[in-house]
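Student: Going down the list, the sequences are from chains A and B. Read left to right, the first sequence gives residues 1 to 407 (UniProt numbering). Read left to right, the second sequence gives residues 1 to 279 (UniProt numbering).
To be clear, the hints were calculated from the coordinates, so they are not data collected in a lab. Owing to the predicted nature of the structure, the values given are computational and were not obtained by experimental measurement. Think of the CB as a built atom: it goes at the ideal place given N, C-alpha and C, for glycine as much as any other residue. One or more hints might be untrue.
[Said to hold, decoys possible] Which bits of chain A does chain B cover? Going by a derived footprint, with three or more residues having C-beta under 8 Å, they are:
| id | region |
| --- | --- |
| 1 | 64-74 |
| 2 | 100-108 |
| 3 | 179-185 |
| 4 | 281-292 |
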Amino acid sequence: MAEVRFDRVSKVYPDGTRAVSSMELEIGDEEFMVLVGPSGCGKTTALRMVAGLEEISEGELRIGERVVNDVPSRDRDIAMVFQSYALYPHLSVYENIAFGLRLKKVPKDEIDRRVRDAASVLDLTEWLKRKPRNLSGGQRQRVAMGRAIVRHPQAFLMDEPLSNLDAKLRVQMRAEIARLQSDLGVTTIYVTHDQIEAMTMGDRVAVMRKGRLQQVATPQELYDRPVNLFVGGFIGSPAMNLVQARLEASDGDGSYAVTVGDQRLSLPQELIAARPALRDWSGRELVLGIRPESLQDAALAADAPADRRLRAHVTLREALGSEVDVHATIAARSAETEHVRELIEDRGGLETLEEGGETTIVGRLAPRTTAAEGETVELAVDTAALHFFDPDSGLGIYAAQTEGAVS
Amino acid sequence: MNRYTKLTAMRELSFWVVGAIVLAPLYVLIVLSLKTKQDATASPFGLPTNPTFENYTRAWSSGGATGVPFSTALFNSVFTTVVVVAVLIALAAPAGYAIARRTSRLSNWIFALFVVGIILPMQLGLVPLFVFVGRLGLSGTRLSLVLVYVGVLMPLAVFLYATFFRALPRDYEEAAEVDGASHVRAFVQIVLPLMRPITGTVAILCGLAVWKDFFIPLVFVNGTDNVTLPVAIYSFVGQNVTDWNLIFASIVIAMAPVLIVYVLMQRYVLRGFVTGVRG
Ligand SMILES: Nc1ncnc2c1ncn2[C@@H]1O[C@H](COP(=O)(O)OP(=O)(O)O)[C@@H](O)[C@H]1O
Ligand SMILES: [Mg+2]
Numbered sequence: 001m002a003e004v005r006f007d008r009v010s011k012v013y014p015d016g017t018r019a020v021s022s023m024e025l026e027i028g029d030e031e032f033m034v035l036v037g038p039s040g041c042g043k044t045t046a047l048r049m050v051a052g053l054e055e056i057s058e059g060e061l062r063i064g065e066r067v068v069n070d071v072p073s074r075d076r077d078i079a080m081v082f083q084s085y086a087l088y089p090h091l092s093v094y095e096n097i098a099f100g101l102r103l104k105k106v107p108k109d110e111i112d113r114r115v116r117d118a119a120s121v122l123d124l125t126e127w128l129k130r131k132p133r134n135l136s137g138g139q140r141q142r143v144a145m146g147r148a149i150v151r152h153p154q155a156f157l158m159d160e161p162l163s164n165l166d167a168k169l170r171v172q173m174r175a176e177i178a179r180l181q182s183d184l185g186v187t188t189i190y191v192t193h194d195q196i197e198a199m200t201m202g203d204r205v206a207v208m209r210k211g212r213l214q215q216v217a218t219p220q221e222l223y224d225r226p227v228n229l230f231v232g233g234f235i236g237s238p239a240m241n242l243v244q245a246r247l248e249a250s251d252g253d254g255s256y257a258v259t260v261g262d263q264r265l266s267l268p269q270e271l272i273a274a275r276p277a278l279r280d281w282s283g284r285e286l287v288l289g290i291r292p293e294s295l296q297d298a299a300l301a302a303d304a305p306a307d308r309r310l311r312a313h314v315t316l317r318e319a320l321g322s323e324v325d326v327h328a329t330i331a332a333r334s335a336e337t338e339h340v341r342e343l344i345e346d347r348g349g350l351e352t353l354e355e356g357g358e359t360t361i362v363g364r365l366a367p368r369t370t371a372a373e374g375e376t377v378e379l380a381v382d383t384a385a386l387h388f389f390d391p392d393s394g395l396g397i398y399a400a401q402t403e404g405a406v407s
Numbered sequence: 001m002n003r004y005t006k007l008t009a010m011r012e013l014s015f016w017v018v019g020a021i022v023l024a025p026l027y028v029l030i031v032l033s034l035k036t037k038q039d040a041t042a043s044p045f046g047l048p049t050n051p052t053f054e055n056y057t058r059a060w061s062s063g064g065a066t067g068v069p070f071s072t073a074l075f076n077s078v079f080t081t082v083v084v085v086a087v088l089i090a091l092a093a094p095a096g097y098a099i100a101r102r103t104s105r106l107s108n109w110i111f112a113l114f115v116v117g118i119i120l121p122m123q124l125g126l127v128p129l130f131v132f133v134g135r136l137g138l139s140g141t142r143l144s145l146v147l148v149y150v151g152v153l154m155p156l157a158v159f160l161y162a163t164f165f166r167a168l169p170r171d172y173e174e175a176a177e178v179d180g181a182s183h184v185r186a187f188v189q190i191v192l193p194l195m196r197p198i199t200g201t202v203a204i205l206c207g208l209a210v211w212k213d214f215f216i217p218l219v220f221v222n223g224t225d226n227v228t229l230p231v232a233i234y235s236f237v238g239q240n241v242t243d244w245n246l247i248f249a250s251i252v253i254a255m256a257p258v259l260i261v262y263v264l265m266q267r268y269v270l271r272g273f274v275t276g277v278r279g
C-alpha cells in the first residue's frame, strides 16, 4: 500500500497529441481517487502511465517513495482492471485469478487459499472451473476484480470497469467495489466518465478536461464550490443552469442582487460573505449558475420571498416519480461565453444555445408541483446556493483561489 | 414456411445437377482405379465388373518411369509438408508478432515487403534460385525442397500472423505484464495459446500449397528418390502408353491424407480459406 504522486507529469504521443499536461496530483495511502472527465480528456492515458503501459514524457511519477518512470510494469506491484476486463480466454476463472500469484512463485497451497478467498468474497466460487466466455458480463467483471485483489498490490488501477454492465448491475457493483476498496484499504485510482460514479465512489475526485486537471476535491466540495464553469457544469445531474446575469449593489446598504433578464434576485448576506470577491463585480455582467435542485415551485414554498423568485414558462414536464424535472424558458440571455460553448460540446452538444432573449432552464421540483406544460410557473430560488463565474476566464468567483484549484 | 413447392423442387434439382457435375470426375477416378486394364478399356465409365485393388498395390510398391515407389513419394510429401509447416510457424509467428506490435516505420516497411513477396510469382526467381541451390551443393536434396518452400511461403505466413496480431487487442499482454509477466513470458503463456486459430489457418494454407505443388519438386528434385507425390504420379504418364488406372489409384492414395486431415480439422480449414480469400 502506498501513495501515488504525479509530479508535473505530461504525456505526448508520438503523433504529437498532448494527452496529459503537467498533471500534479497526490493520491494518499488507502485513498479512493476518481479521475473523471469527458471522453478523450486523458484519463486512460494518466492511468496507463501509472500502470507502466505508457511511457511518461515529462515529469516524475512516484509510487510510495520510488520514482517509477523507468520501472517496467511488472515490477511496479500494481493491479489493473481493464475496461475490456482482458480475462485470458484460454484459462479458467481459477487460473485467471491465480495467474499473477503463479508468476510470483507463491506456494501452491497459498495460491489456492488466496484464490478461494477472493472467489468467495466476489461470489465466484461455483464458477472457478469455467472459461471466461461462459460467464455473464457481471461475472466477468468480478473475475477481473478477483485477479486484482488476490495480488495484494500497492495500488488498484481501474479503467471504466463498469461501463460494459447494464444500469442496474452498475449501481450494484459500484457499491460493491467501494466496499471492497475500503475493506482492503488499497490505494485506488478509478477512471470514469460518469460523474455519478465519481461522486458516489470517490474519497476525492479529480476532474480533468483536455489533458488538464481542473479541480481535485471531495465530492461535496466539488459540488458546492466548483472552481470553474467546466466543473460546475460537469458535476451534477441534471446539469447546472447557466445564464447571463448582472450583479447590482443596492443603494449603499451593502446588499446585492442579480438581474436575470428583467427579473431580480436578492442575494443573502451570507452568500456575499462566502464569496467576498463578488463585491468587485457590482455593475458587471457575469455568469450565474443555478442548480436544478435549487429551484422549487413557489406555490409549494409559500414563505419564499417575492424577491427570490423567477417567473418561467414551462415547455416540458418530466415526471420521475420522486421528483419532477421542469424545463422552462425565462427571459434572459444564455451565458454565451466561449467556456459555456465548449462545455456544451463536451456534454455531447445535445443542448443548443437559444437565440435571442430566451434561455431554457431546468428545475428539479417536488412531485406535488402542478406546473404544467404551456403554463407559467413561479420558481422559488435557493439564492444561498447560487454560483457565479467570470464570463471571460470561466473561473468561479469566490474569495481568492479556491482550495483544490489547479491553475 | 418450409412447404415443398415447385420452387424448392427446382432448387433441389439444380443442387443435384451441380452435385453430379462436381462428383462425376471423382466417380470416374474411383471406378477406374478399381478396374483392370482390360476392363477399363472395355467400359471406362461403367461400374467395375470385377473390382480389384491390384492398381493400388502396384502403384504403392513400384514406381512409374522414375522407378520411385509410391510409398517413398508419400513419405517425401509428408516429410516435406510437415517440416515446411513447422519451420514456417516457428519463424513467421514471432516475426508477425514483432511487426504488428512495433509501431515504427521500419516495421511498416518490412510488412510491405512481405506483402510484395506474396504478390511476386516465385517463377521470376527460379533460375537464380536453382543455381544458388546448386552452389550450396543441395541439388536434388529434401533440404533444398524445404528451403525453397519456406522461402516461397514465408510472406504469406508472416502476413497472416501480422494481420492476426494487429487485430488482437493488446489488453491481454498488458494485463499479463501488469500481473508481473515479462514480455517473453506474456508471449509464451498468453499470446501463444491465443494464436491457435491463425496457426491452424497458416498450417492448412501452406500445407496444402506444398502438398499439391508439382512445379517446385519437378524443378528441384526430379529424377531423384526425393520426389513428392505429384511428380511421382506424373511418372506414370509414359511416352507411349499411359496407365490411367494406375494414375487414378495413385491419385486416390495422394488424396487420402488430405481428406483425413480435412475431416479432423474441418473448422480450421474453412476459416483458413475464408481468411485467405479476405486477405
Ligand atoms: N496511442 C495513442 N496515440 C495517439 N493519441 C492517442 C493515443 N491514445 C490516446 N490518444 C489521444 O489522447 C487523448 C486522450 O485519450 P484517453 O486517455 O484515451 O482519453 P479518455 O480515457 O479520457 O477518454 C485523446 O485525444 C486520444 O485521441
Ligand atoms: Mg478511456
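Student: Are the hints correct? Go through all of them and say.
Tutor: Do the hints match the structure? See the list:
1. Beta-carbon proximity to chain B at under 8 Å applies to 3 residues in the region 64-74 of chain A; the threshold of 3 is reached and the given coverage holds.
2. Three residues within the 8 Å Cβ limit are the bar, and the region 100-108 of chain A against chain B gives 3, so the coverage statement holds.
3. By the rule of at least three residues with a Cβ nearer than 8 Å to a Cβ of chain B, the coverage given for the region 179-185 of chain A is violated, with 0 such residues.
4. Counting residues of the region 281-292 of chain A whose beta carbon lies closer than 8 Å to any beta carbon of chain B gives 0, which falls below the threshold of three, so the coverage claim is violated.
Violated hints, in rising order: 3, 4; the structure is consistent with all others.
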